[in-house]
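Novice: Spelled out from the first residue to the last, the chains are:
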Amino acid sequence: MTKVHHHEFDVVIVGAGGAGMRAAIEAGPHARTAVITKLFPTRSHTGAAQGGMAAALANVEEDSWEWHTFDTVKGGDYLVDQDAAEILAKESVQAVIDLENMGLPFNRTPDGKIDQRRFGGHTRDHGKAPVRRSCYAADRTGHMILQTLYQTCVKLGIEFFNEFYVLDMIMTEVDGQEVPAAVVAYDLATGEIHIVRGKSIVYATGGFGKIFKTTSNAHTLTGDGIGIIWRKGLPLEDMEFYQFHPTGLAGLGILLSEAARGEGGILRNASGERFMERYAPTIKDLAPRDMVARAMANEVREGRGAGPNKDYVLLDLTHLEPAVIDAKLPDITEFARTYLGVEPYTEPVPVFPTAHYAMGGIPTNIKAEVLRDNDTVVPGLYAAGECACVSVHGANRLGTNSLLDINVFGKRAGMYAVEYAKTAKLPPLPDNAEAGVIALLDKVRNSKGDEKVAVLRKELQDTMDANAQVYRTEESLNEALNKISELRARYEKISIQDHGQRFNTDLLEAVELGFLLDLAEVLAYASRERRESRGGHFREDYLERNDDKFMVHSMLYREGEPTGEIGAGIRVDWKPVVITNYQPMERKY
Amino acid sequence: MSVQIEIPNSPRKQRVTNWEKYGWLYMRISGPLLIVLIFTHVFVNLFTGEGIKQIDFAFVAGKWADPFWQWWDVAMLWLALIHGTLGMRTVINDYTEKPKLRTALVGTLWSVSGALILLGTLVVFTFDPCPPTSNPDLLPSFCEAIASS
Amino acid sequence: MSDVKEIAEIPSFTVKLSIRRFDPEKSEEASWQEYEVEMHATDRVLDALHKIKWEQDGSLTFRRSCAHGVCGSDAVRINGRNRLACKTLIKDLDINSTITVEPIKGLPVEKDLIVDMNPFYQAYKDINPFLVANDKPEKERLQSPEDRARYDDTTKCILCAACTTSCPVFWTDGQYFGPAAIVNAHRFIFDSRDEEADVRLDILNDKEGVWRCRTTFNCTEACPRGIEVTKAIAEVKQAILRGRP
Amino acid sequence: MSVVPAGTLYRGKVGMWSWVLHRISGVAIFFFLLVHILDTALVRVSPEAYNVVIESYKTPVIGLAELGLVGAILFHGLNGVRIILVDFWSKGTKYQNIMFWIVLVLAVGITAYFTPGHLERVLEF
Ligand SMILES: Cc1cc2nc3c(=O)[nH]c(=O)nc-3n(C[C@H](O)[C@H](O)[C@H](O)COP(=O)(O)OP(=O)(O)OC[C@H]3O[C@@H](n4cnc5c(N)ncnc54)[C@H](O)[C@@H]3O)c2cc1C
Ligand code: HEM
Ligand code: SF4
Ligand code: F3S
Ligand code: FES
Numbered sequence: 000m001t002k003v004h005h006h007e008f009d010v011v012i013v014g015a016g017g018a019g020m021r022a023a024i025e026a027g028p029h030a031r032t033a034v035i036t037k038l039f040p041t042r043s044h045t046g047a048a049q050g051g052m053a054a055a056l057a058n059v060e061e062d063s064w065e066w067h068t069f070d071t072v073k074g075g076d077y078l079v080d081q082d083a084a085e086i087l088a089k090e091s092v093q094a095v096i097d098l099e100n101m102g103l104p105f106n107r108t109p110d111g112k113i114d115q116r117r118f119g120g121h122t123r124d125h126g127k128a129p130v131r132r133s134c135y136a137a138d139r140t141g142h143m144i145l146q147t148l149y150q151t152c153v154k155l156g157i158e159f160f161n162e163f164y165v166l167d168m169i170m171t172e173v174d175g176q177e178v179p180a181a182v183v184a185y186d187l188a189t190g191e192i193h194i195v196r197g198k199s200i201v202y203a204t205g206g207f208g209k210i211f212k213t214t215s216n217a218h219t220l221t222g223d224g225i226g227i228i229w230r231k232g233l234p235l236e237d238m239e240f241y242q243f244h245p246t247g248l249a250g251l252g253i254l255l256s257e258a259a260r261g262e263g264g265i266l267r268n269a270s271g272e273r274f275m276e277r278y279a280p281t282i283k284d285l286a287p288r289d290m291v292a293r294a295m296a297n298e299v300r301e302g303r304g305a306g307p308n309k310d311y312v313l314l315d316l317t318h319l320e321p322a323v324i325d326a327k328l329p330d331i332t333e334f335a336r337t338y339l340g341v342e343p344y345t346e347p348v349p350v351f352p353t354a355h356y357a358m359g360g361i362p363t364n365i366k367a368e369v370l371r372d373n374d375t376v377v378p379g380l381y382a383a384g385e386c387a388c389v390s391v392h393g394a395n396r397l398g399t400n401s402l403l404d405i406n407v408f409g410k411r412a413g414m415y416a417v418e419y420a421k422t423a424k425l426p427p428l429p430d431n432a433e434a435g436v437i438a439l440l441d442k443v444r445n446s447k448g449d450e451k452v453a454v455l456r457k458e459l460q461d462t463m464d465a466n467a468q469v470y471r472t473e474e475s476l477n478e479a480l481n482k483i484s485e486l487r488a489r490y491e492k493i494s495i496q497d498h499g500q501r502f503n504t505d506l507l508e509a510v511e512l513g514f515l516l517d518l519a520e521v522l523a524y525a526s527r528e529r530r531e532s533r534g535g536h537f538r539e540d541y542l543e544r545n546d547d548k549f550m551v552h553s554m555l556y557r558e559g560e561p562t563g564e565i566g567a568g569i570r571v572d573w574k575p576v577v578i579t580n581y582q583p584m585e586r587k588y
Numbered sequence: 000m001s002v003q004i005e006i007p008n009s010p011r012k013q014r015v016t017n018w019e020k021y022g023w024l025y026m027r028i029s030g031p032l033l034i035v036l037i038f039t040h041v042f043v044n045l046f047t048g049e050g051i052k053q054i055d056f057a058f059v060a061g062k063w064a065d066p067f068w069q070w071w072d073v074a075m076l077w078l079a080l081i082h083g084t085l086g087m088r089t090v091i092n093d094y095t096e097k098p099k100l101r102t103a104l105v106g107t108l109w110s111v112s113g114a115l116i117l118l119g120t121l122v123v124f125t126f127d128p129c130p131p132t133s134n135p136d137l138l139p140s141f142c143e144a145i146a147s148s
Numbered sequence: 000m001s002d003v004k005e006i007a008e009i010p011s012f013t014v015k016l017s018i019r020r021f022d023p024e025k026s027e028e029a030s031w032q033e034y035e036v037e038m039h040a041t042d043r044v045l046d047a048l049h050k051i052k053w054e055q056d057g058s059l060t061f062r063r064s065c066a067h068g069v070c071g072s073d074a075v076r077i078n079g080r081n082r083l084a085c086k087t088l089i090k091d092l093d094i095n096s097t098i099t100v101e102p103i104k105g106l107p108v109e110k111d112l113i114v115d116m117n118p119f120y121q122a123y124k125d126i127n128p129f130l131v132a133n134d135k136p137e138k139e140r141l142q143s144p145e146d147r148a149r150y151d152d153t154t155k156c157i158l159c160a161a162c163t164t165s166c167p168v169f170w171t172d173g174q175y176f177g178p179a180a181i182v183n184a185h186r187f188i189f190d191s192r193d194e195e196a197d198v199r200l201d202i203l204n205d206k207e208g209v210w211r212c213r214t215t216f217n218c219t220e221a222c223p224r225g226i227e228v229t230k231a232i233a234e235v236k237q238a239i240l241r242g243r244p
Numbered sequence: 000m001s002v003v004p005a006g007t008l009y010r011g012k013v014g015m016w017s018w019v020l021h022r023i024s025g026v027a028i029f030f031f032l033l034v035h036i037l038d039t040a041l042v043r044v045s046p047e048a049y050n051v052v053i054e055s056y057k058t059p060v061i062g063l064a065e066l067g068l069v070g071a072i073l074f075h076g077l078n079g080v081r082i083i084l085v086d087f088w089s090k091g092t093k094y095q096n097i098m099f100w101i102v103l104v105l106a107v108g109i110t111a112y113f114t115p116g117h118l119e120r121v122l123e124f
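Chains as they are written, first to last, in numbering that gives the first Met the number 0: chain A, 0 to 588; chain B, 0 to 148; chain C, 0 to 244; chain D, 0 to 124.
These are computed hints drawn from the structure, not numbers from a lab.
Careful: at least some of the hints might be erroneous.
Claimed, not checked - Think about it this way: if two alpha-carbon atoms lie no more than 20 angstroms apart in a straight line, the pair counts; the simulated SDA-like pairs of lysine to any residue are: (1) K50/C with Q496/A; (2) K206/C with L104/B; (3) K90/C with Y338/A; (4) K12/D with E227/C.
As the list claims (entries may be wrong) - Over 12 angstroms on every C-beta distance to chain A, these chain C residues come out as not near it, computed from the model: (5) S11; (6) S17; (7) S30; (8) I77; (9) R80; (10) N95; (11) I98; (12) D172; (13) E220; (14) R243.
Note that beta-carbon positions come from the ideal geometry of N, C-alpha and C, so glycine has one too.
Full structure from sequences and hints, please.
Specialist: Structure (structure tokens):
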């Protein structure tokens, strides 16, 4: 019998990345708060973020939050909810100041203010010229944010449950409404189960890049949080919009921040041509990511790729002063040296797009409350960060807007979760709350087939890279969906080798694969249903943006168990986009 | 190990002054002094003249007849022994885990060192270069002069 | 379609790994187990561990996340030295002899390459690793680029524990705060905005504080972030002697 | 919870091995010093007693050990200076490696310089 432990809190936060800890800092001092995380907090993937965090501080040149809003809306190909984008841009200044006050070591201007630099898609006065809006700490901004937030949590004495995998959420009915009562977590160290009850529950579990092969995401970004929400029958929004970052180290996917281009790096094809001049004549290499990524993929497709297989392009930093590179881009140049053996001072670095960021996720409103349909909230349930979709990123996220998102909406999630917890009662816990997780684990543990987790995962990633990446068609997406159905069937026949209780990562990788399959399927399905090209979603069979039909968010619902038929068990619905100031226009840079 | 809830940070109590810093500094101050003292000592005793062969009672008595060498050797004794004892204490602290054993060993160490420092100091200052009952051949040459006077 | 190939056709070869296995559910004793895997020169030790786990022995247990040296999960002892498995390229090791991989030293081993990190984190927390500043600025606190540069090196720490568990003094009784805690104290002691340098200096003036460092430089050599750890410790020692940063 | 006994030896570099040597030499010198104080104290007993003990210092076996002692003192002392420089000189940590080799060369060199004469004296005994 697995041992089951019970805990009660006011606010339960799942995930200790930037969003989770930012929420904890708001909640901790006002309510009994627990943070449950499958990784030790400072190992969360927020720490990998490099470039910076956008805020119209106007420390180095004129800037305003309206311009920032506009850039965000335009960058997201107008699929952005503009009320949310306004909040993001307006509250960005305070978010940066908060971090600085907590101790974050931003780079400084000569007069001691927070320094700012350029970043793709951020412009002055509605697209006139690039603006310096990204606040940064060398190319370790995410690292510094994560460390600073963790330090603040230590200061506040926040309670963490480290290396606890949340695998299920218990819903219950209170006053005729479904509300979350608890999350069920698996303690990696002991294999025991913990039921953590809370009045409000915040999801901040990050992304799911591991559905792709080439990705900048960590091995642990398997989308568990989003998967749990999905399995509870709650909807997911805009899942077709996945960002491919232009400059991943070729073959590896390790990210070289856009800051490299912000500081003057240039993309070149095999013949040394600065090809972005052809695709985005005004801002060239600093065009939004989806455009650059597609341009790169196109160069390679049309035979202008570099290297022995002509399958990548080159990021040229050689014209920059080594001192500038050392001061502003130390880490990413080290990646090039360590992993490719390329010296960025003198040689261009091989790069190719890498799966990077999920624009979609758990739908929320601007109070970070999770939605159960287009407008009804689930009381007491919150989500923030990459796992959430407040829709500030729309169809394509601007660089530096995600670190901003996790801070602004992480903070909001914490605030509103506390506010709710102050008046709410602890929802009753249904009997046998642990049953779901125990069944899930036992199924994997006892399965006696001959399929291997790693093989299935690799096949999934391969098919996603081949069929649902930068370029997509009805055909390729159907192929992906077919493959996923096949993998789903084979997943029933997996077996694992480790049957122990302690630190059983073999078991958890199998569970994580289950979530990956779910999310890959939703992504491919949503991509197929969106028969247009917009932002990060590019359909070769529907080249144009189609505002008449698709100026809407997709809302995906799980209806029943997947049957093995393509897309069976998934239903798509649509949700209007909130437009305040900016009417959709063609996106040109 | 069941629940791994981290211990929230609790404010730290101010502790009494500890001597670690001074011990550490002492090692670094005595070190260079010891270089001068010991290297000269070794040089005079082993490199110059007959080297090790010259060392006997008469040699020692000859040196200590001069207060300069008396003070030299006493300084060396104190500095080196305290330096060595502090060093040995570090070594003991590193390799003993039981507090009792640790206290016992360090206690013994200091007792032995203290005793030896006292002994050595006494020897140097109460030393008689020309003990009257001894074989004059073993004594330094100046004893004859003293004896005959 | 866009199936990314390796940079150039890289030759593959067989490497032997000897991994220190330990599972208290099976045996009280740890033992070495040998594996052979096909690897490419650009692969990292983490890739080899994954290959073994995914293809040969699912019970092999280790921590990892980011796979490019920024999260600090996978500090292990490779060929006798503390390294991040994800930052150690196979080609940089001698592939003609067996590569040994074992858990970092001085923390209780839980299973295979996983150690109990709690004592390590506790030492970190003990130095008050957070900014203490009581003024309430309206905007950001100002800090000159020079003042910012003063503590830049030690802000890079990812708490991987490679340094602390390479320190011979830490191995002796595990009571020493260890280099990582000192590095993180340094980060605040020399931050011009911080007001509690004296408290931190006092904490590190402890019996188990900086004075236990014997300048063996293992920490500096092990740090995957290239932090000059021993130097940071020396600076803290001097600050304690001075009584101020 | 169990601490599994260490596997291989940690392969530290110069810094670690210099510390190992420093510690071994320090402990060795310490014990020698204890003995040395006691034997010197014999001068208070009688010249005969002192001389008898001192004679044993001049035998070949002990004579060889004395070489080791000289080497140990040289190394410990010079390495002590290196440590002090690492602690107090801002560039000390940068040059610790090269300083170690200087210490070693000096210690070995001076000991070697001293060896022939000393051996001659103890061997003819
Ligand atoms: C290489 C890279 C560079 C980037 N650079 C930038 C940049 O320059 N600017 C920018 O704005 N954005 C950048 N981004 C994007 C941004 O960093 C991320 O989107 C953001 O950090 C996500 O934060 P998060 O808090 O939502 O999630 P994460 O930081 O990923 O945290 C997820 C947390 O959830 C926990 N968790 C997950 N599943 C479970 C579970 N089942 N049970 C318990 N806990 C769980 C994890 O332990 C972790 O603590 C970058 C991203 C990458 C990958
Ligand atoms: C010749 C001049 C000497 C110098 C310059 C010197 C210098 C030093 C220094 C600086 C240390 C501290 C090392 C550290 O903190 O890491 C030290 C340690 C030590 N010294 Fe000396 N020393 C000298 C002579 C001696 C003598 C004569 C003895 C024996 C009595 C001795 C025994 C020790 C011991 C036992 C240690 C501790 C070693 C350790 O902790 O690893 N030293 N020495
Ligand atoms: S100082 Fe370096 S080795 Fe030590 S924990 Fe930090 S990053 Fe790791
Ligand atoms: S390894 Fe240890 S002894 Fe000092 S220099 Fe580093 S802390
Ligand atoms: S896996 Fe993150 S540091 Fe190695």
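Novice: Hint numbers the structure violates, sorted upward?
Specialist: none
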